[in-house]
Amino acid sequence: MHVPDGNLDTIEHAGAQYDAAIEAAGGVDVQILGIGTDGHIGFNEPGSSLASGTRIKTLTQQTREDNARFFDNDTDQVPTHCITQGIGTIMKARHLVLLAFGSGKAEAIAETVEGGVSAFCPASALQLHPHATVIVDEKAASKLRNKDYYRYAYEHKPEWQGI
Numbered sequence: 004m005h006v007p008d009g010n011l012d013t014i015e016h017a018g019a020q021y022d023a024a025i026e027a028a029g030g031v032d033v034q035i036l037g038i039g040t041d042g043h044i045g046f047n048e049p050g051s052s053l054a055s056g057t058r059i060k061t062l063t064q065q066t067r068e069d070n071a072r073f074f075d076n077d078t079d080q081v082p083t084h085c086i087t088q089g090i091g092t093i094m095k096a097r098h099l100v101l102l103a104f105g106s107g108k109a110e111a112i113a114e115t116v117e118g119g120v121s122a123f124c125p126a127s128a129l130q131l132h133p134h135a136t137v138i139v140d141e142k143a144a145s146k147l148r149n150k151d152y153y154r155y156a157y158e159h160k161p162e163w164q165g166i
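So the sequence shown is residues 4 to 166, counted in this note's numbering.
Quick caveat, the hints were computed from the structure, so don't treat them as lab data.
Everything numeric in this text was worked out from a predicted model, so none of it was measured.
Watch out, some of these pointers could steer you wrong.
Straight-line C-alpha distance at most 25 Å; calculated SDA-like pairs for lysine to any residue [unchecked claim]:
| id | residue 1 | residue 2 |
| --- | --- | --- |
| 1 | K150 | A135 |
| 2 | K95 | K142 |
| 3 | K160 | L36 |
| 4 | K95 | I138 |
| 5 | K95 | E15 |
| 6 | K150 | A122 |
| 7 | K142 | Y153 |
| 8 | K160 | Q130 |
Start from the sequences and build out the full structure, keeping to the hints where you can.
As structure tokens, then:
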């Protein structure tokens, strides 16, 4: 696992350096993703470019509140900015695996899987990936209109297909 260099003295170059390092290493085989309640992946908030590379992003207040649990539940301690892989960087991975659990993710999963591809729901870009796998629990799947078919297709897929 590798993360971008967060050294503040060179932060303006960190995104390009990180993307170059990924390319020099031959790319990413498997990218494991979570999803925010608003459909963000990485920290690509709604409105992010679907072609973006690794860069500095401003976090929404909702994302800061959602992440306060990592900062003693003090939203004021959550950073306002971060460095994140862009959606364009994420989409270059050979296999994407998106994990989502709980009813709080249900709307975002429905928009990701069954909504239109839009910067409004950054995770919806995964619809365009040739090998994306979405793994959810029943609560996160609760708003999917076609969940019975997805379950059927998974249960009847060829053995060679894997996840």
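Hint-by-hint comparison with the structure:
Taking the CA atoms of K150 and A135, the gap is about 16 Å. The hint holds against a cut of 25 Å. A distance of roughly 29 Å separates the Cα atoms of K95 and K142; the hinted pair therefore is violated under the 25 Å criterion. The suggested pairing of K160 with L36 holds, with an alpha-carbon distance near 23 Å, which does not exceed 25 Å. A C-alpha spacing of about 20 Å is found between K95 and I138, which places the hinted pair at or below 25 Å, so the restraint holds.
Between the alpha carbons of K95 and E15 the distance comes to roughly 22 Å, so the proposed pair stays at or under 25 Å and holds. For the suggested pair K150 and A122, the alpha carbons sit about 24 Å apart, so the restraint of at most 25 Å is met. Under the criterion of a C-alpha separation no larger than 25 Å, the hint pairing K142 with Y153 is consistent with the structure, at around 15 Å. A threshold of 25 Å between alpha carbons decides the hint, and for K160 with Q130 the separation of about 19 Å falls inside it, so the pair holds.
When each numbered hint is compared with the structure, a violation occurs for hint 2 only.
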